[in-house]
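Participant: So the chains spell out like this:
Protein chains: 4
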Amino acid sequence: MSLPGTCQCAVMDAFNRPLALREFPLPERLEPGELIVEVDLSGICGTDVHLHKGQLAIPLPLILGHETTGRIAALGDSGATDFVGRPLRIGDRIAFTVGRTCRSCRYCRVYRLPSRCEKRSAYGVNISCRQAPHLLGGYGQYHFLYADTAVFRLPDDLPSEAVVGAGCALVTAIHGFEKLAMQWAESVVIQGAGPVGLAALAIAKEAGARPLIVVGGPRDRLERCRRFGADLTIDIDEVPDPDARRRLVLDATGGIGADVVVECVGIPNAVAEGWDLCRDGGKYLVLGHYGDAGPTMLNPHVITRKELTVLGTWGSEPQHWITSLEFLRTRRDAYPFHELITHRFSLAQANEALAAVADWQTGKAVIVPNGQA
Amino acid sequence: MSLPGTCQCAVMDAFNRPLALREFPLPERLEPGELIVEVDLSGICGTDVHLHKGQLAIPLPLILGHETTGRIAALGDSGATDFVGRPLRIGDRIAFTVGRTCRSCRYCRVYRLPSRCEKRSAYGVNISCRQAPHLLGGYGQYHFLYADTAVFRLPDDLPSEAVVGAGCALVTAIHGFEKLAMQWAESVVIQGAGPVGLAALAIAKEAGARPLIVVGGPRDRLERCRRFGADLTIDIDEVPDPDARRRLVLDATGGIGADVVVECVGIPNAVAEGWDLCRDGGKYLVLGHYGDAGPTMLNPHVITRKELTVLGTWGSEPQHWITSLEFLRTRRDAYPFHELITHRFSLAQANEALAAVADWQTGKAVIVPNGQA
Amino acid sequence: MSLPGTCQCAVMDAFNRPLALREFPLPERLEPGELIVEVDLSGICGTDVHLHKGQLAIPLPLILGHETTGRIAALGDSGATDFVGRPLRIGDRIAFTVGRTCRSCRYCRVYRLPSRCEKRSAYGVNISCRQAPHLLGGYGQYHFLYADTAVFRLPDDLPSEAVVGAGCALVTAIHGFEKLAMQWAESVVIQGAGPVGLAALAIAKEAGARPLIVVGGPRDRLERCRRFGADLTIDIDEVPDPDARRRLVLDATGGIGADVVVECVGIPNAVAEGWDLCRDGGKYLVLGHYGDAGPTMLNPHVITRKELTVLGTWGSEPQHWITSLEFLRTRRDAYPFHELITHRFSLAQANEALAAVADWQTGKAVIVPNGQA
Amino acid sequence: MSLPGTCQCAVMDAFNRPLALREFPLPERLEPGELIVEVDLSGICGTDVHLHKGQLAIPLPLILGHETTGRIAALGDSGATDFVGRPLRIGDRIAFTVGRTCRSCRYCRVYRLPSRCEKRSAYGVNISCRQAPHLLGGYGQYHFLYADTAVFRLPDDLPSEAVVGAGCALVTAIHGFEKLAMQWAESVVIQGAGPVGLAALAIAKEAGARPLIVVGGPRDRLERCRRFGADLTIDIDEVPDPDARRRLVLDATGGIGADVVVECVGIPNAVAEGWDLCRDGGKYLVLGHYGDAGPTMLNPHVITRKELTVLGTWGSEPQHWITSLEFLRTRRDAYPFHELITHRFSLAQANEALAAVADWQTGKAVIVPNGQA
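One line per chain: the protein sequences are A, B, L and R, in this order. Under this note's numbering, the first residue of the first sequence is numbered 169, with each subsequent residue one higher. Under this note's numbering, the first residue of the second sequence is numbered 169, with each subsequent residue one higher. Under this note's numbering, the first residue of the third sequence is numbered 169, with each subsequent residue one higher. Under this note's numbering, the first residue of the fourth sequence is numbered 169, with each subsequent residue one higher.
No false leads were mixed into what you were given.
Copies of the same chain are indistinguishable here, so a pair counts whether it falls within one copy or spans any two.
Cross-link-like lysine to aspartate or glutamate pairs, in silico, EDC-like; alpha carbons within 20 Å at most:
1) K474 - D444
2) K474 - D448
3) K474 - E286
4) K221 - E520
5) K221 - D527
6) K221 - D460
7) K287 - D448
8) K287 - D250
9) K474 - D419
10) K221 - D181
11) K474 - D460
Calculated from the structure, these hints are not laboratory results.
With these hints in hand, go ahead and build the complete structure from the sequences.
Facilitator: Following this line, the structure appears as structure tokens:
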């Protein structure tokens, strides 16, 4: 695979302004462990829309894109290995974690909580493209990876579409369920039918939730939820009254509420409703609040009186990718994440792509930077 | 022990009105397992003040008092047993749980959560004295106990003062720490220096917290906290700025926040401050919100970003008394709960007693219904 | 439903001797909460064979049978309720837990471990039929139930065949998995393809095990395991060498061993092999050693070096029946326990039935005491 | 600090043969992150005796010694940092973990179990001194540390004697108790009064065990156990009958057995006795079987019937040192590990030192390679 001298990327120079196509040089020399990836698919996450609106303090200019698959186009002299130490080769099809951690702070070292690394950074989110090696986000023809990146070779029977279709939502949900320690046969309510909600639903189904209920919308997303295994969906458009929704959940859980409720909405006032949907002694996972949407009125007395356990997890850790990829590979029939991709864009259409996602027109939208979109 | 035909109790006929001394007949006949207790000490809990103000929906008339010790004055024909099946005898000095549970609902039977029994009731809290056997609260000379009550014989080397000094706060805290599963050598912040805070402090100390920090007041309560083992106390009167308090906690925890924070305040806005005092990945126990003080502004994003575990427990279960009494018996030197009793009142002084507690004049106040106060 | 004055039961008067049909009077009067059940199906458990051989110290004479369904033929004057407090009526089809607990010992009260009640007894296992009410085991036309028995009404869409087909194995496995706290996507090996192994397999499958491996035999049982969802079965007849079996498990688990291994064999030397099949840090559940088959050579160093977690659970608790019955009702297509019944016997054929089970001729064998077998 | 060109080490060339003093060159050049430590104290662990007897397959020649403190004598050009990223300087007094892990295998990366790293090695245990940099064990004047070593700067108020007095036993016990998740107020039996037993005792005491019982010997070790906080010690010389010991434990635990039993003996048949000392539902930690002392007769039925949880942990992880050092620093009065050092030897006396430990003549023995012993 011979590399070109330069490649194109879609760059965000300012918030709320169109991304601009720009030419960057490819690195001439790679250190041991470093990789250059020819991008295959670059997923557009809802978070990209928020980043583009300036809702997080991030450095500019920036190449967006944190859900990427591609093929290794070049690697450092003494080679490189995947996350569990197996050698990587030119041409390998891979995915990778965008989060980079320092491996030396107390969170990395003492608390086993690298997702809270004090120096964490993420390709496509908060690593600027200003300096070389520039190619540090997914909306581009090539992507540079530092030696500390967790890389995963994709098995032949796992299409890239499944990986990008599941996106960062699936590993986020895997992280959350690891902490949740849901038991089989527990009743589960998922609040939200978007990517995170769908991923949480798939895991809860796989883990033996019964009944498995989704509260969300719109209608076509709920239909997909039923296809992925929801026993009951409650459409917030059809049942706009939270009390009425609660009665439906009580009806489905022997009048007592759900053992587990998973918040996948990202809207603060969903939390109070969610606590109401739990049975006493139940568990509540706040999974959808990666972004800071501000405070809301919540009653601490409810936590005491109902003896709730309220849990949070943030992003994911590299080992969650192991679980994710194996799950996608083996359970594709039951949970067809690869079918979620409804819209494909070229790199030149990156602004259209963002707009389509912002308008909720899409299932999953992807950029195909090197080919026919 | 020969029983009188009648006895006196202090009765609450209406909220915010003086309690009235009233004469009630003692039951003439006891069913198997039922007891009559000659009351020794009757603790006045801060909750009694709230009940007297009408802040909970409870039936009237009512005899307050849910922290009671006494001696068995009579028992049903075929005898009675303590909580773990040992026979009880006339003259035994006892304590008992005021909560009564149905033992047949899903919370009692399926979820192992009797503290959330669907039909729970509590002597001195929500069982009216209108009907026989009348004597259903602690502010009286005698107390009737139904056969389903969990009764604990007090060992000779455990004074009643220790039991009532610790009050319902200690078993509440034991319940909370059971769920919290604090590990030794974790750093712990206790929010609040009242009875629940002091009980939580004692348990955290005993469980190896290091450092152990109290945020609260006033000064004399914090002094007592240091005597019970606090490594650091932060006086909210001296440090009124929450940010300044947070910096003190960070200083004491290597700049990272506490592994565990326990809310023992009952004021909703303490919760947001408490989340700020946790390190990422930390645990937060909402222990002080037995009463419903209403909602407050809380940010769910904090739970996600900091990967918190927020836990609630409600009241206690009978087995927590086993731990409590053995702890009070064996660790009296380190945690002198018996010294907390600062004020003793006769039954006729019940209104003065309530007023003294309401005005925060007291350490622990008790009514001595049958003797020299 | 009018009751006969007497009924027939198959009675074990001595170990290793034929059971004898005997006539017993039905109780003339029932205390509140007591029931008489007209037996529908009485399952024959492998344990019955062991009991018949005298491998447990139990009182004689005894009516065997601890897997029973039937219809309520009579109930005490003031009625009776099911396990969660709903009223029972004549004609209701029910199942019940055979274990009786004292509800007052430390295991019942303090440790939340009623399966280890100090005074536990069990219908059909160790409650003799010598004294009235006699009808205290399943191999009879009628079964007497004390008021403390946990009774479960069977929903119309749950056939008795499913309940008895799953037998006591399913609730035993539910108890074990509750303690095991298996996480979805863990790799699981089940040692043993008998009733307990099949039940453990069903739960592990439902809980998202991947891969799910059974080591056992004979061939037809392994075929059933595959039908219930095993990804791989290893036939101990075809692969008699434990090292070879271990290599197959390593091959199926990325060379590392299983996250979870569940012992469902009851043969002591299976345990050392099972520890070998675990990955380091794995969990091992000893589920098949209800009977005492004596000690075996085990190396404690393996527990330390591999950092294993080895867990045991004993029998079941009543709430496991709630999970069991709902599971059988809703997941009948995936796990057709009702199809396991291969042999039906009349009460007069009880000795043939025991012999058939002892010879491993049967899937599940049942006695039909009141009808056409 | 100017370095000599060479230094002396005590080298094991063959098992069961005297160690020989040998001269090694100090490295001339250090890579980034590498350190040379001038050894202050080098503890002699009982494991060293086993290694010297050839009970583990290890490469020779070897410099023994895995409990070492010293001062940094040299560091690589671009400096070095301690375990949590703080810069290290010449002259810093330090301790370090001897275990080295690959940080890329599944145990390091996926299972969060670096103690089971597939490529783990340990200074002083299985890294030969044959090749440069040679200085790879504690029995020498200088110790070389690779850049991947977890290094801990010792605070001024923590004497080296405390660190080496506690030795590898304390971090081993910290690891074990982390998995054990003992709750305060649980009854605990420690089997064994050696270094691991004493360390486990200190942690259990600190964590609120009550009562805290040691079964072991000889008499002077038990005396030390009482000084460290044991409520009851049972001398196996005075009470040689395991049944009699069990009765003493039952007497001290309300007739029911201990909530937690910790094996710190390393003799296989202690395990069966330990299971007998647990109450039903209790936890058993196998902590003393770092060495493989072979199998013993154990009854799996006991695990099932008593519903035990049997846990193992192996060695320690670097973060356990954080807990260990802070514990030693702050709790020195209660647990005077620094007083355990009874014997000091020069490097030339290394063989005498090993012999003294082998003969159980010592509390803790140390080599002082650079000074007056």
